[in-house]
Amino acid sequence: MKKFAILVTVLVGAILVWGATDFPQWGDPNSPASTHVSDRYITEAYSASHVPNLVSAILADYRNFDTMFETTVVFTAGTAIFLILRLPLGPLARRRNSKHPQAERHPLPRDPILEMACRILFPPTHLFGLYVLTHGHYSPGGGFQAGVILGASFILLAIGFDLRAILARFPEGLFKPLAALGVLLYVGLGVLCLLLGGNFLDYEALRVLAPGISSAMIRSHGILIVECGVTLTVGSVIFGIYANLVSRGNHEGGL
Amino acid sequence: MTWVLDLFLLFFIAGTAIAALESKCLLTSAIILGAYSFMMCLVYAALGAVDVAFTEAAVGAGAGTVFFLSTILRIGRDTSQ
Amino acid sequence: MSVIEHNFIYLFFVVLLMIGLYGAIAKVNLVKKLFGLTIFQTAIILFYVSIGQKKGAAIPILEVGHGHQALPDVVAAHYINPLPHVLMLTAIVVGVATVGVALAVIQRLYAEYGTVEEDEILEKIVRS
Amino acid sequence: MTEQLIILIIVWPLLAGVLTALLPCRENLLSAWGIFNLLACNAMGLGLVRLVLAQGSTSYHISGWAPPLGIELKVTVFSALLSWLISAVALFGFVGGRRTWADQIGERLPQFLSLFFLLVAAFEGLCLSNDAFNLYVMLEISSLATYGLIAFGGGRAYLATFHYIVMGTIGASFYLIGVGYLYIKTGTLNITALAHMIAETELTQAYLLALCFLITGILLKMAVFPLHFWLPNAYTYAPAATSLLVGPLSTKLAVFLLFRIMMDIFGGVLPSLHPTWSFVIVGLASVGILVGTSLALAQYDLKKTFACLIVAEAGYMLGGLWLTDPRGTVGALFHLVNDAIATLVLFLVVIAIQSSVGGKKLSDLKGLFQKSPLTAVALILVAFNLIGVPPTAGFFSKATLMTGAIASGRFEFVIALLLASLGNLVIFFRIIEQAYFQPQDNSEAGRSKDGQRAGAFALAIGSLLVMLGLSAYPVMETFIRPVVHL
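Protein chains in written order, with numbering that gives the first Met the number 0: chain A, 0 to 254; chain B, 0 to 80; chain C, 0 to 127; chain D, 0 to 485.
Think of the hints as simulated: they come from the structure by calculation, not from any bench. On a predicted model such as this, the values are computed, not experimentally measured, just so you know. There's no promise every hint is true.
A few chain D residues that face chain C, going by a derived Cβ cut-off under 8 angstroms, partial list only [said to hold, decoys possible]:
hint	residue
1	Y146
2	I164
3	T168
4	S172
5	M196
6	A198
7	L202
No residue lacks a Cβ here, since even glycine has one placed at the ideal position from N, Cα and C.
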């Protein structure tokens, strides 16, 4: 098996290097990748949506269909992991369920220093997550990063205290609908633009609701709403995956 | 002179990648993989991709390593090879 | 070899890719396979990010303060190409989603067979 | 307003999938909700086919930006037919799979159906999107939803899913490398723009390598001969309701993606590619057909036999696409449509057999004719289709493939097709002989109500094959010929 793997790897590597020989020089400004479409992105993005962070502008305005399906990927992963891990399973699998005692963790002694540290760290992490979300237009950041930071703040508490204590405050009945709400917010905005006469996810159509705002500002607000939807989904799904993985679905044990 | 630093970073990354695969204990590999993700985030920042660096740090090093560790907690650390 | 001096980063991408692919195929421990897969995907992300590079260009964020409405004169060559960065945000999150599902399956495999070594699992399947 | 159908057929199942995850677990509520949504999808699919027949292939700019900047959806005559086929197969698979919910899915039904609808949305997006990176995201969503649906089968399904995850991720990453190599040389991601740029430049190593990696990635998804190890186990140990949706559509959409890369992106330079690539790939496909059929011959579990047949069918379509003669491509695309329905009927028959005879092994098929004659007739009908007996569509797709192969001088492909038909004949004769001629063992001949209805439903869908067969040439002329501009 090893020799086969080495053979395949070296073959793939050799073909890749052979293909890479006629790449344009690395880093020259007029290589095809940098001149064909991307220069129009750079020059027009700010005037179209008043968003200095070009990556956020492209992510949530020019190619927002990709980002919508990106949020759906995160939601699908959360649902798939829930389906696979969350006990009790369907009758078919329960008959052949775990015959092997898994490494049962003895309940960790409560450590007051750790708990106080996590208690102190939680609010700033949460605040930083919200900052990253709202300042996605001006500084690096945006929906995904903010969602992961918010999810990580809950994971921090679950590690400091006990998973059950945090699930009491942020129960499954809350983070599953929140994940669905995030995707619904994103797709709902797209359908709203559709109903108002524009194409799907075309923020220009929202000007009917707010006649006074210029088209660039309405796109900027559209990007913010979309980023909030992404944050809701990513944050709740990251915590949901952690809760299922660490306790193998029964939401009791775990770190 | 900065390209010397980049060169060192790149070879260090290749080293961590190989170490993550070859080490016997799963827990060590998971931690080394976390370090590998963080090194990659440094390379992206050096290449000017600030958003990708931020995401790789938060998602790759942060959430990914936490998922790996929580699974290794469940299935034990020793591996045959 | 003209490739070596100025396209070195693509060679490094190939090296990382080979390490990841080897890990994904040769490793018997299922979690190690996942490590190989993660390295394989981060190598592709490095490849995409290094496509959009421009020598001496600034990061793709325009220096515009809050409410500063005047449109700065933007020259495309001064800023790094932002499109690969957008694509790679998606690829990173897809990678973590796949790792999450794979880890869930590994935990079920451990509950079912008591081991995560592929050869031992296959033995148990053949025996049962 | 009809212009919006192109996006609505993707967004409607997506919204349905997200909302289903929140519904309570009551079977009749979920069943009604599912049928309502899938009927809406079918109506939109029909509307799309009518729209395209009236106006020709139209494109849709998402978020209002023109293609080089924004993402574009493009619907041609064949992709409209395919999107309607996806919603039809999903509806029949959903209705056919309902009787297995009680004993195989239990109280995880809302999440299961949520993944079911997200998979339908991903398949629709896969067949309509016209942006190279967007296709990668659609590929990932369909894979993730399929991993969840297959892993739910429990037991042996876990290892099969893990192999599928590793192979699927490597395949999708190869596809991504291919798109990256194209992007670095051309600078654009839109498929039509890519085609124009590639047609002008001469094919340097980077383009050839991009084509090679795109094809390898999709061959992994199609599970063709050298990379087919994950498919038989994955589809066999999956729950019955999953194999009804994933079995018929997953490999077919990978074939359609391969067709779009060949015809839409590298269409201009295809004649220069043809001699060498066609020889290699058609040879590979011929060997793949023989391996798939011999694998199917070696199985005793009925479901695994039909899963191995999918591997052989993938070989038909791959070989047909790469024949130099346009009739080969027309035959391959018609085979794609015909085989989606045939695989659906095969898995419906498995469910009908399981509920009427109570077993999947070949040995417990005794007396199937007495127990549920309708299932046996459906079995014979789909057997005719796979062997290639005239009234069914299988005959016309094989005939077109063969004429294309003979015209382009690929005789090993013709031999492979004939041997495969022979192999199918042996497989199905063995099953029918067991079902009809064997003396029925002593178990009482009670005809279970459930088996009857399942058999009747399988026969109804099977009759579609005959209807498709009778209307084979009009379908080929209106839907497939305009797309194949070789």
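Hints, one by one, checked against the model:
no.: 1; hint: Y146; result: holds, 5 angstroms
no.: 2; hint: I164; result: holds, 5 angstroms
no.: 3; hint: T168; result: holds, 6 angstroms
no.: 4; hint: S172; result: holds, 6 angstroms
no.: 5; hint: M196; result: violated, 16 angstroms
no.: 6; hint: A198; result: violated, 22 angstroms
no.: 7; hint: L202; result: violated, 19 angstroms
The structure fails hints 5, 6 and 7 (numbered hints given earlier, in ascending order).
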